[in-house]
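Novice: Based on the sequences and whatever the hints tell you, model everything.
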Amino acid sequence: GAGVSQSPSNKVTEKGKDVELRCDPISGHTALYWYRQSLGQGLEFLIYFQGNSAPDKSGLPSDRFSAERTGGSVSTLTIQRTQQEDSAVYLCASRFLPGAGIRDTEAFFGQGTRLTVV
Amino acid sequence: QKEVEQDPGPLSVPEGAIVSLNCTYSNSAFQYFMWYRQYSRKGPELLMYTYSSGNKEDGRFTAQVDKSSKYISLFIRDSQPSDSATYLCAMMGDYGQNFVFGPGTRLSVLP
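In order, the protein sequence lines correspond to chains A and B.
Following the working numbering, the numbering of the first sequence begins with 1 at its first residue and continues without gaps.
Following the working numbering, the numbering of the second sequence begins with 1 at its first residue and continues without gaps.
One or more of the hints may lead you astray.
Stated by the list, open to error - DMTMM-like mimics (lysine to aspartate or glutamate), calculated; alpha carbons at most 20 Å apart, straight line:
1) 57(A) <-> 3(B)
2) 42(B) <-> 106(A)
3) 42(B) <-> 24(A)
4) 70(B) <-> 3(B)
5) 42(B) <-> 44(A)
6) 56(B) <-> 106(A)
7) 2(B) <-> 66(B)
Just so you know, these hints were derived from the structure itself, not from any lab.
The model shown is predicted, which means the values in this text are computed figures rather than measured ones.
Specialist: Below you can see the structure in the form of structure tokens.
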């Protein structure tokens, strides 16, 4: 597709349930990021994938959060046993080749998944 | 102290005004400085970027970086209602893989 695609666009779940959020990056982009954006807050880094390297998981807030990227393309962010404080917009972004100069490394964002835990 | 600080606003200005948006940061290793614009219920999109210190102009937008003061600015001239959005600054080091974002400033340009 032409841009980063995220699904679902909205998700309402009950506290304690598991959820999966999906990100389809731009074809050929080697880097993929997940961010969380709470109301009135900036983008909180969660996890970063680059090619075949081990992901940078330093931003994951707890062991209830995990993510994988299959075949260097699609990524899934999983939140287990959701809590109300997990309610936020989860944004995915992809980049072509980090470190090659900013013109080649612009991050393109999806429209996000708005997660509401009730 | 957060790595990147930004006044969250909201900031309301009349159409045609000059808008000044600012961020301060603490990490002297940052070399790439970006401004993203985020419309309501959309993902952020890159507006402008600069490398190291200096100014960059693109139409009605001017980005300034003062590394000695660890201070960056985005100026919007002749602001339009279509400029109403949240503006996020973002920064990255020379060899960094990751961006650090400010919390964003919500701007409303009133017709």
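Novice: Does each hint fit the structure? Answer for all of them.
Specialist: Each hint tested on the structure:
1. 57(A) <-> 3(B): holds, 19 Å
2. 42(B) <-> 106(A): holds, 17 Å
3. 42(B) <-> 24(A): Distance of about 16 Å is within 20 Å: holds.
4. 70(B) <-> 3(B): With Cα atoms ~11 Å apart, residue 70(B) and residue 3(B) stay inside 20 Å; holds.
5. 42(B) <-> 44(A): holds, 16 Å
6. 56(B) <-> 106(A): OK: residue 56(B) and residue 106(A) at ~17 Å, within 20 Å.
7. 2(B) <-> 66(B): holds, 19 Å
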